[in-house]
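Asks: The residues making up each chain are set out below.
2 protein chains.
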Amino acid sequence: MATYIAQPDLSRPPVLRAEIRAGRFDGPTAGFGGGALQANLVILPEVLAGDFLRFCQANPRPCPLLAVSEPGDPRLPTLGEGIDLRRDLPRYHIWRDGEMAEEVTEIGAFWRNDLVAFAIGCSFSFEDALREGGIPLRHLDAGRNVPMYRTALPTRPAGCFSGPTVVSLRPMPAAAAIEASILCARFPLAHGAPVHLGDPAMIGIADLDRPDYGDAPVFRHGDIPVFWACGVTPQAAIVAARPALAITHAPGHMLVTDLPAGQAERVLAGVCGLA
Amino acid sequence: MATYIAQPDLSRPPVLRAEIRAGRFDGPTAGFGGGALQANLVILPEVLAGDFLRFCQANPRPCPLLAVSEPGDPRLPTLGEGIDLRRDLPRYHIWRDGEMAEEVTEIGAFWRNDLVAFAIGCSFSFEDALREGGIPLRHLDAGRNVPMYRTALPTRPAGCFSGPTVVSLRPMPAAAAIEASILCARFPLAHGAPVHLGDPAMIGIADLDRPDYGDAPVFRHGDIPVFWACGVTPQAAIVAARPALAITHAPGHMLVTDLPAGQAERVLAGVCGLA
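Protein chains in written order, with this note's numbering: chain A, 1 to 275; chain B, 1 to 275.
Only chain A is shown next, with the shape it has when bound in the complex (with noise of 0.2 angstroms):
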């Protein structure tokens, strides 16, 4: 007679977050929490939220903000119940006058009273859309990161917070990339519509072999090069403002909502007000 042993449902977020809070899932996210939301992650002293909340609201393509936490509190109730932001993501990256110094697996030790947590949408909500929607999305099929570029398309300045665009890239023939666009304009919480699709010089961006993160892309005969904004720009305003401390998510490494992805933006709306 064999012997079953219970595994952790990691389709479902709660039971995910719990793995992970205990150290027993410290991988990337995409694939894991049952189609529900991913969130990317910004963390930053009281004394920079204001600054960083307003950059995200002037620039709400690349930076759609989900939710903000209370100041000192990890919890983000409107995303999950019970999160608890200093352990349920897999990996963090820890942030020192603008640039990236640790990697860990928990912030308990670096949390603070005065620190702000920002939850911004992520580019999986759209990506499960697409792919729903017959888009082939190459660098996945390709096993590949997206790649991402630094772009001449700058973002609204808030306080210290500015920086260029950064874009992901997803190639795709030209009707594809129509459909796309139609498909993820019902997204505004995942970056919504490409910003630019076709010639990448006029975005600034000189050469698409070479990303400035990310894997190299796959394009086939016929693909246009699409360009969504992308959550890095975050990362790249951080950058620019040079604060003491910051904490982010590591790439790929997302906070994991209990929101069922196609309802986010209609549960959001009437929890934030964002819509």
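Worth flagging that the hints you see were computed from the coordinates, not collected in a lab. All values reported here derive from a predicted model rather than from experimental measurement. By construction, the Cβ of each residue, glycine as well, lies at the ideal position given by its N, Cα and C atoms. Incorrect hints may appear among the rest.
What the hints assert, rightly or not - Okay, the calculated bits of chain A under chain B, using three or more residues with CB under 8 angstroms as the criterion:
(1) 177-190
(2) 198-207
Claimed, not checked - What follows is a list of derived Cβ distance ranges for each label pair:
(3) G108(A) x P260(B): 52 to 62 angstroms
(4) G222(B) x R131(A): 25 to 35 angstroms
(5) A152(B) x R144(A): 44 to 54 angstroms
(6) D141(B) x A30(A): 20 to 30 angstroms
(7) E132(A) x R156(B): 20 to 30 angstroms
(8) G143(A) x P60(B): 33 to 43 angstroms
(9) G31(A) x M100(B): 55 to 65 angstroms
(10) A152(B) x A30(A): 35 to 45 angstroms
(11) D199(A) x P60(B): 37 to 47 angstroms
(12) D199(A) x P28(B): 33 to 43 angstroms
(13) G98(A) x G222(B): 31 to 41 angstroms
We have chain A; now place chain B onto it with these hints.
Replies: Same frame as chain A, but now just chain B:
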């Protein structure tokens, strides 16, 4: 004391149709009718009506069907009270054996008890939406007709009807093309989103400066070509089918309905079950 002569209010569709019917208005309808939905007209003998109906339903992007008359009935009550298709369009084309034979201002003399009329959505609806959305329309700014091209994109044949998809071209910047895709997707009964953008050769267009219908395009620096399925496609199908008799509107001289363009999709979805 000045004398005022009452002028008919041509922004009201029933008034405009009455002026047309009385022979006092025989020009293009663009800009008249106060933003009401305008329609392409195709009239065919009942023996071909089943084939053409299936052709429209198989090719909804170029041939979005708004209404179909009963055989011999020149009214289309779902599109406007009192419409008389024999006299309410400014100009008609009479086709014999697939060739345009004659342009007339009314078709009472050609009407037969076996004729069936088809009203097909028109690009005027989405052009209004694009203009309101701040999207440039180069051909209108230059006072030109939109350029149209026969493509290598085949329609789905139905009975004797077949032929190429005809597309219209609107040059605009890439960011406007993204926004136009999103806006036009809301108007499936007015050709919907673009079918292609970028390289014309990929849909079989050899030379943009030599359109098959309409005027040459106007490009500004940074513009890319954006292509929509076009209501001229049914005329190409009539050429292919070579019916003994067909009647259409003359280009630009449309049926002006009573439906506000922005609400037409919703109204017709209830009335005709098209959605």
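Asks: Evaluate each hint against the coordinates.
Replies: Structure-based check of all given hints:
1. 177-190: holds (count 6)
2. 198-207: holds (count 3)
3. G108(A) x P260(B): 52 to 62 angstroms: 60 angstroms, holds
4. G222(B) x R131(A): 25 to 35 angstroms: 31 angstroms, holds
5. A152(B) x R144(A): 44 to 54 angstroms: 33 angstroms, violated
6. D141(B) x A30(A): 20 to 30 angstroms: Violated, at about 46 angstroms.
7. E132(A) x R156(B): 20 to 30 angstroms: The hinted range 20 to 30 angstroms holds for E132(A) and R156(B), with Cβ atoms some 25 angstroms apart.
8. G143(A) x P60(B): 33 to 43 angstroms: 38 angstroms, holds
9. G31(A) x M100(B): 55 to 65 angstroms: 58 angstroms, holds
10. A152(B) x A30(A): 35 to 45 angstroms: Given range 35 to 45 angstroms: holds, Cβ gap about 38 angstroms.
11. D199(A) x P60(B): 37 to 47 angstroms: 32 angstroms, violated
12. D199(A) x P28(B): 33 to 43 angstroms: 36 angstroms, holds
13. G98(A) x G222(B): 31 to 41 angstroms: 34 angstroms, holds
Consistency with the previously given hints fails for numbers 5, 6 and 11, ordered from lowest to highest.
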